[in-house]
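Chains as they are written, first to last, in the numbering used here: chain A, 1 to 604; chain B, 1001 to 1532.
Please keep in mind that the hints were generated in silico from the structure rather than gathered at the bench. Some hints could be false.
Some chain A residues well away from chain B (every beta-carbon gap over 10 angstroms; in silico) [claimed, not checked]:
#, residue
1, I29
2, A68
3, K137
4, S158
5, P176
6, R249
7, F265
8, R278
9, R464
Derived lysine-lysine pairs resembling DSBU-like cross-links, with alpha carbons at most 30 angstroms apart [unchecked claim]:
#, chain 1, residue 1, chain 2, residue 2
10, B, K1415, B, K1400
11, A, K163, B, K1299
12, B, K1502, A, K72
13, B, K1502, A, K14
14, B, K1256, A, K72
15, A, K220, B, K1299
16, A, K14, B, K1421
17, B, K1299, A, K97
18, B, K1376, A, K246
19, B, K1415, B, K1519
20, B, K1376, A, K72
21, B, K1056, A, K14
22, A, K97, B, K1256
23, B, K1506, A, K97
24, A, K145, B, K1299
25, B, K1299, A, K204
26, A, K259, A, K283
27, B, K1411, A, K72
28, A, K128, B, K1256
29, B, K1400, A, K18
30, A, K97, B, K1508
Note that the structure is predicted; figures quoted are calculated from it, not measured. Backbone N, C-alpha and C define an ideal beta-carbon position, used for all residues, glycine too.
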Amino acid sequence: MTRSGAGNRFRTRKLSTKQSLAVLRENQIDSVDDDAQRNIPQIETGVERGEEIEHHLQAAISASQAAAVGAKVTQIFIPTPNTTEITVSNYETLYPKRFSQPASYIRFSSTVEDCSGTAYCMSAEDEKFLEKMNATKRPGGQQCKVEEFERIMDLFESIAQEKQPYMSIDMSTVMPYDEMAAHFGDSLSGEIVKIAAVVYSHWKEQRVARGGSPIIPILKFEQGHDKDDGDPYVCFRRREVRQVRKTRRTDAQSTEKLKKLRQEFDSARNLVRDVLTRECMRKTIFQVEYGIFESRRQIIGVKRKNGIRGDDEDLINHKPKKRPVDQSVPPITRVPIRHDGKPPETELRQLAAVKAEKEKQRADKFQALKSSRRVPKHGFVDLTEKAFSESTVVPKGPDANFCGVQTYYLPSPPPSCEGNGSGLFDLPEEPSGPTPIPILQVSSKSPPSRDVPAFRRRRGRGGRIIVDRRGHGIPRDDDLDDIILDRMKHSEEDEDYSPIFVRSSNSDPHIQYRARMLSPPPDPQVNPAQHMRRPVMPSPGGMQLGTPAALLAATAAQHAMGFAGYKLTQHPGQQQHPQQQQQPNAPQLPPLANRPPAHAQVRR
Amino acid sequence: MPTRDASTEAGTPDVQTGEKSIATIATLRVGVKLYVYHENSKEHRLAEILSIQTRKGTPHYYVHYEEFNKRLDEWVPPTRLDLTREVEWPRPDKPAKKPEKVAKASTPRETPTSVSGRAQKRPRRGDSLGPGTPTLSQKNNKKSRTSALAEDDVVVQSEAVGDVGTPEEEEADEESADIDPKATPTATTTTAAASSAAARAASASSSSAKQNGASGSPETFSKEHEIEKLRTSGSMTQSAHEISRVRNLSKLQIGKYEVEPWYFSPYPVEYTEEEMVYICEFCLSYFGEERRFQRHRAKCTLLHPPGNEIYRDSAVSFFEIDGRRQRTWCRNLCLLSKCFLDHKTLYYDVDPFLFYIMTTRDEYGCHMIGYFSKEKESAEGYNVACILTLPQYQRHGYGKLLIAFSYELSKREGKLGSPEKPLSDLGLLGYRAYWQDTIVDLLLGNKGLETTIDELAGMSAMTTQDVIHTLQNLNMLRYFKGQHVICLTDAILNQKQKQVEKQKIKGKRTLDPDLIQWKPPVFTAANRTWNW
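Could you build all of it, start to finish, from the sequences and the hints given here?
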């Protein structure tokens, strides 16, 4: 929108729509400084180029521009052809005063066709014919009213339009009256049909005079071929339907819709069939009852005839005794069904009630937990901090976002790698896989200590996903001298000097690391799904080692899988943990800082 | 495209100008440019002959004055032509261009065999009579206006092509066949008229294409492009067909007004022969015969536009009408408004548009003052497609009201809007006036001393482009101390002052947005597909 104008002596800033513009009066502006309208591009007027130069428009534009700079100009109008308010003598008769405005806004949906009666309107020529026809009629005979005449003509026109749409092309056969009359249906009453026969000749005459086209000229519509593209009299073409983009989803949706439709039709059909069966049975019942009635009647006759008395009990219908089964079933209170399909009002629960109930449940649970803890803790001092609190504090600093990771070898590749498994937990009972695959475990939210392998995912420039890892090398020995380190830094110059690396593969950290790498997988007997639900306790000191590995295995399993297969589609860890952490009934676990994870994992 | 030709001509006269020489009445033909006396401006102006017809033995010429809007085109008798000056002949076609044209004629979109066959079948009276015989036109005096026009055209046409030779003539014929498929010997007089008009038009278009120094193909392309654009949306076209250069209706009677149409409108071709076309004020149906019209009025019960009233104040009402639901009414409206809108197209149907009709009320009913149409879904963010104040209500401030209403609707929708382009000359002036009013009011009402273009746009529902356009046009956008500022110039403030005073006397037409009872209509996917 705003490109800088070419040919300026020096650059001026572009005009931005977001830029704040001071609103000043002319006297506030130093005219010297107002150096042309630089780099505000001339925006097109929107008038077609050819017409923009038209004399009257230019005159009007320049007049308004002159006015804009303060010149005195008379307003210029673009001349237009004449419009005269004629005193249409018959306006009153043409347009009777019959409009009364309703108090509310008008709402109206009838169409022109609904509002204008018979489409055919009599012409002066028709009128002459009609008068002549009425005059020649025998005095007692039916006079044809204008309305009837129009109805007849309209009928002829519409039948011709329907049955002979191409009459204008082939004039040889105009539909004869008899054929026409066959299509009347019941639209004309007996008397008028007689008139119609007379009117037909007039109609045919008119139609032939019009070359077979409808008597009242109609608009020229497209004829179905594109040759009429250039004919300016052809108008109101059908617009092409905008193509709906075909996707698999829309396909599936339509399939679903069709299926549903089919089902609904099926059920409707079944319903009708059942109704039919019921009615058939009812009919049978009536027939049977009628049979009984007839038989009884006969019996009564026989009895009367023979004077037999007694045993009349069989002749009347007794009220069916209520079966004891009915008693046992409590009367079903019919709950009124709401139209919108929602459960009835009586079951509406107040939000406050639900909340209170939940709160109560939580409190109960909490109390139960507390009392259960109290017994084993008897005689001990509880030093854990915030054991029951919800740790929502997101750690900050360089350790933030790191997830502790436990690595161990699975005996067989996880199902996700094979591509056919249904999930992580379809592990084979017998660990006999040939290629162990390292599984990483991501633990809780609180940043792990530095020497635990940990991952962090972050988003780099351009949406790259970068996975940082930490604690994966063998940690350097702490007894490495600073001087030696310093020496190593500058070792390149002196080739003779070989740096001293003091290393012991039996040092604690090394063993620890190896143990971690070789630690067995979680106990297959334990249903890992349970662990999934089980919350991970955030250890207050940010110590992660103490957390039982079984828990870790479960909680982090998904993410670990992601790492193992180098599939980073899942968001590793961070977002999913808080819910698990916030469970208040988490088991209280003392921080077990230095325990090798392998132990905890199995024993737990 | 007479105007376009004119513009290019004005720019580069040496390329465009055809041969010049003194002409006589007998040698005048379509395409000739000469000086014609224009009554209102009381001077001779250069004008192009677009059509010739003979009335009572004397030829009449339909002329388009250069640099005047097409609505001022008119029929003039020979007495108003200035033949003492040299006339400019239509540029003869260069032989070098011919292969191109022939190649274009046999492009796949027409089948050459059928076209040539039809072309041969069609009788060409002009051929048999030879070029430049005015006698024929005199013979046809009694013929109806259109057919007379057609005859003349054929004569003139044959003369025109006679200069160049037969190949060109055939070419013109082929094109006409392409344009009007009904140009068969069995065709009635009216279609023959149309087809010969098409023949003229086709040759005119081909010659104009050549005049532009371009081959025919860009023009064809642009036309196809135009239609392609119209296919899915839009209501405006820029390359109107050549037949539509000549106004086809003589007079309209709408309610108690008699109005001269300004432009061509595709009412049924039969009505072009009528002295007066009667239009029912309420249902907008059209009738060529007075008796028929009276009969219709006796039956018609409509008293207001057939839709929902969405605004009402003491003076006017607005009705909203869905083109899909009120197809007949909206078609009638479009036909009527085409009489006054040059660039409007009726190429496609009214389904994808909503129509907002402004009416006045009295005991007779709600009389339409004007309307604007609006796409149900505008890809380009237009809030108005076509807008028209009927001529009998023009210059009463109603146009501004219509424009204001269109922007009020945009405000309700929470969108910025702009009218569809191209604007007409009157449209541009109307919009500029409204924009100036709106922007100046906003700036004066602005308590703070700073604003942004975006803010102005948001408050007025105008596009930022239109805001900048307005500011710039009013010389209000200045560059001061290294940054842009908006300057409320004294001239603008004076203008405003005068306007306020004038309104105190005359009263001002305003809208009260609170009286609008309207929610942006929502159309389901099924409603948006435009078939029925």
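Now for the hints, and whether the structure bears them out:
The beta carbon of I29 (chain A) is not kept farther than 10 angstroms from every beta carbon of chain B, the shortest such distance being approximately 5 angstroms. Listed as a non-interface residue, A68 (chain A) fails to keep its Cβ farther than 10 angstroms from every Cβ of chain B; the least gap is roughly 5 angstroms. Every CB of chain B lies more than 10 angstroms from the CB of K137 (chain A), the least distance being 21 angstroms, so the non-interface label holds. Non-interface call for S158 (chain A) relative to chain B: holds, since the shortest CB-CB distance, roughly 15 angstroms, exceeds 10 angstroms.
Even its closest Cβ contact with chain B, about 23 angstroms, leaves P176 (chain A) beyond 10 angstroms, as expected for a residue assigned away from the interface. R249 (chain A), annotated as away from the interface, keeps every beta carbon of chain B farther than 10 angstroms; the closest lies near 14 angstroms. The claim that F265 (chain A) is not at the interface with chain B holds, since no C-beta of that chain comes within 10 angstroms of its own (minimum 21 angstroms). With a minimum CB-CB distance of about 38 angstroms to chain B, R278 (chain A) clears the 10 angstroms threshold, and the non-interface call stands.
In this structure R464 (chain A) is separated from chain B by more than 10 angstroms, as the shortest Cβ-Cβ distance comes to about 34 angstroms. Among the hinted pairs, K1415 (chain B) with K1400 (chain B) is consistent with the structure: their alpha-carbon atoms are about 20 angstroms apart, no more than 30 angstroms. Restraint check for K163 (chain A) and K1299 (chain B): satisfied, since their Cα atoms lie roughly 27 angstroms apart, inside the 30 angstroms limit. Distance restraint check for K1502 (chain B) and K72 (chain A): the Cα-Cα separation of roughly 16 angstroms lies within the 30 angstroms cut-off, and the hinted pair is therefore satisfied.
Of the pairs offered as hints, the one joining K1502 (chain B) and K14 (chain A) is violated, with about 39 angstroms between alpha carbons and a cut-off of 30 angstroms exceeded. For the hint pairing K1256 (chain B) with K72 (chain A), the CA-to-CA distance comes to about 38 angstroms; that exceeds 30 angstroms, so the pair is violated. Among the hinted pairs, K220 (chain A) with K1299 (chain B) is consistent with the structure: their alpha-carbon atoms are about 25 angstroms apart, no more than 30 angstroms. Annotation: proposed proximity of K14 (chain A) to K1421 (chain B) holds, straight-line Cα distance about 26 angstroms (limit 30 angstroms).
Proposed proximity of K1299 (chain B) and K97 (chain A) is supported: the alpha carbons are some 14 angstroms apart, at most 30 angstroms. For the suggested pair K1376 (chain B) and K246 (chain A), the alpha carbons sit about 23 angstroms apart, so the restraint of at most 30 angstroms is met. Only pairs whose Cα atoms come within 30 angstroms are accepted, and K1415 (chain B) paired with K1519 (chain B) is accepted, the gap being roughly 13 angstroms. At roughly 43 angstroms between alpha-carbon atoms, K1376 (chain B) and K72 (chain A) are farther apart than 30 angstroms, so this suggested pair is violated.
Among the hinted pairs, K1056 (chain B) with K14 (chain A) is inconsistent with the structure: their alpha-carbon atoms are about 65 angstroms apart, more than 30 angstroms. Of the supplied pair hints, the one linking K97 (chain A) and K1256 (chain B) holds, its CA atoms being roughly 14 angstroms apart against a limit of 30 angstroms. For the suggested pair K1506 (chain B) and K97 (chain A), the alpha carbons sit about 29 angstroms apart, so the restraint of at most 30 angstroms is met. Distance hint between K145 (chain A) and K1299 (chain B) is fulfilled; the C-alpha atoms sit about 14 angstroms from each other, no more than 30 angstroms.
As the CA atoms of K1299 (chain B) and K204 (chain A) are separated by approximately 25 angstroms, the hinted pair is consistent with the 30 angstroms bound. As the CA atoms of K259 (chain A) and K283 (chain A) are separated by approximately 36 angstroms, the hinted pair breaks the 30 angstroms bound. About 36 angstroms separates the Cα atoms of K1411 (chain B) and K72 (chain A), which puts this hinted pair outside 30 angstroms; it is violated. In summary, the hint linking K128 (chain A) to K1256 (chain B) is supported, as the alpha carbons are separated by about 27 angstroms, within the 30 angstroms threshold.
The straight-line distance between the Cα atoms of K1400 (chain B) and K18 (chain A) is roughly 28 angstroms, inside the 30 angstroms bound, and the hint therefore holds. Between K97 (chain A) and K1508 (chain B) the alpha-carbon distance is near 28 angstroms, which keeps this suggested pair within the 30 angstroms criterion.
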